[in-house]
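A.B. asks: Spelled out from the first residue to the last, the chains are:
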Amino acid sequence: MLVVLTGIPGTGKTTVANKALGELSDEGIKYELVTYGDIMFDIGSNLGLVKDRDDMRKLKSDEQKKIQRLAGVKIGQIAEEKDILLDTHCTISTPKGFLPGFPEWVLRELSPKIFVLVEADPEEIDLRRSSDKTRKRDKDNIGGIRTHQELNRSIAMSYSIFSGCTVKIILNPQGRLEQAVAELKEVLS
Amino acid sequence: MLVVLTGIPGTGKTTVANKALGELSDEGIKYELVTYGDIMFDIGSNLGLVKDRDDMRKLKSDEQKKIQRLAGVKIGQIAEEKDILLDTHCTISTPKGFLPGFPEWVLRELSPKIFVLVEADPEEIDLRRSSDKTRKRDKDNIGGIRTHQELNRSIAMSYSIFSGCTVKIILNPQGRLEQAVAELKEVLS
Amino acid sequence: MLVVLTGIPGTGKTTVANKALGELSDEGIKYELVTYGDIMFDIGSNLGLVKDRDDMRKLKSDEQKKIQRLAGVKIGQIAEEKDILLDTHCTISTPKGFLPGFPEWVLRELSPKIFVLVEADPEEIDLRRSSDKTRKRDKDNIGGIRTHQELNRSIAMSYSIFSGCTVKIILNPQGRLEQAVAELKEVLS
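In the order they appear, the protein sequences are chains A, B and C. To convert, count from 1 in the first sequence and add 19; that's my numbering. To convert, count from 1 in the second sequence and add 19; that's my numbering. To convert, count from 1 in the third sequence and add 19; that's my numbering.
If a hint is listed, it holds; no wrong ones were tucked in.
EDC-like mimics (lysine to aspartate or glutamate), calculated; alpha carbons at most 16 Å apart, straight line: (1) C:Lys79 <-> B:Glu205; (2) C:Lys115 <-> B:Glu205; (3) B:Lys79 <-> A:Glu205; (4) C:Lys132 <-> A:Asp81; (5) A:Lys38 <-> A:Glu51; (6) C:Lys132 <-> A:Glu82; (7) B:Lys132 <-> C:Asp81; (8) C:Lys132 <-> A:Glu123; (9) B:Lys38 <-> B:Glu197; (10) B:Lys115 <-> A:Glu205.
Keep in mind that the hints were calculated from the coordinates and are not lab data. These numbers were taken from a predicted model, which means no experiment stands behind them.
All chains, please: the whole structure from these sequences, using the hints.
C.D. replies: Below, the structure is given as structure tokens:
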């Protein structure tokens, strides 16, 4: 059982995931939270292509694709043994445009059962990003954030054609965390 | 020749279809109207999985997928002998998210020539749904209806990549039935 | 290296392309600008299916698909020898609906590396179209133009799943030509 969890930076995706998995764990439902970026970074480091996390964004698209595919293979292996919630990106914003998080060769490898999109209002995302001082972020404007979320919806629908997965949109605007967590728990139960 | 006709509940899709097929029949153009849900219900009943139509929405996604695939095979057989207008759903709204009406294995089986989306204003759809007392419906709010129609547009475009079909959007707001019927007739002629 | 350049009539796509390629050429970066429509017209003429460019829009969808595929093969051959910027349509508006510019069999043939969408405001596009007297154009209204651009974004995201290409959106509203040109140059560098 592989559930994919996506959401652009600032949607609160990881907070929702951690809270939902904690509550589910208390109820005896175990998922391992695997972060695609961590697996990619491990592989990229081992290949000597990156030194820190921000280097990942600066990779050439060919290098990104190679690491992305190798990470897909590794996650597929993990998913054969346990239920996984895969924290990742629907698309990756690069200087050359949006790169699909799940090109065909990754999609067919992983074959997710449910694809979750966590979304928030573009204005809130912009605000959350600017007040987050813990890592460097792109200065997308609000229009760019809206576009990114819309494109993610589009491509998620396409992903579902390949794997037959459902696409679940979970809204996580300010003050709705409990409901977003409840919705993710329902998806995972 | 297989033309797929989709539209979420409340768009008036079936009304448009019946009127267009009636008028075309008078002009000597014959299409058989096949309802995917009917074929799926027949198969589900035969398999002992459902008793009435509303049970179909409550099926686990694995069961839904199996029935969906078997229905695709059956419709493909019918389409070898006559022209079919296939009344179905672009995506199906389930508790786990939107399920594609045409995952790859159904799409490649059927290979539609034209994919029609009948749409109406979300507010009108909401109104039509609430005043329709003949069957139980989900209480989607207007935003949810808008989202569902937008996602259907997205996934329909993706379907066209696999089959090379055209995607035709027919608007059917209040008071525009004659024109919607004329547009569907043009598509089928 | 194959970069696809799309944009509906009136976005100024070709102007942006010519200016970007001219400046890049001065910097020693050479791309050949190939127009899909030209290749299709050559093939259609040779097959005796069309006499002038406007006939191309009136072809039956089967004929269009055949010519489209043959053009894909030819462009694939050219791309093996040089870097190409392929000027084409993301989708083609026909009486039977939107036809994908890159159905699976063309997409797998060409496998573009970057897919560019040049966009402009629907109102401006409408204005540009009506004041352009050099060729016959469809009288899409502004809503239709907006829809066409949105559907193109959707399908471009789907294309990226097949080829792993990035999707780059370049906005070219009135007065922003220099920036649009700079963005295209960055994509091609």
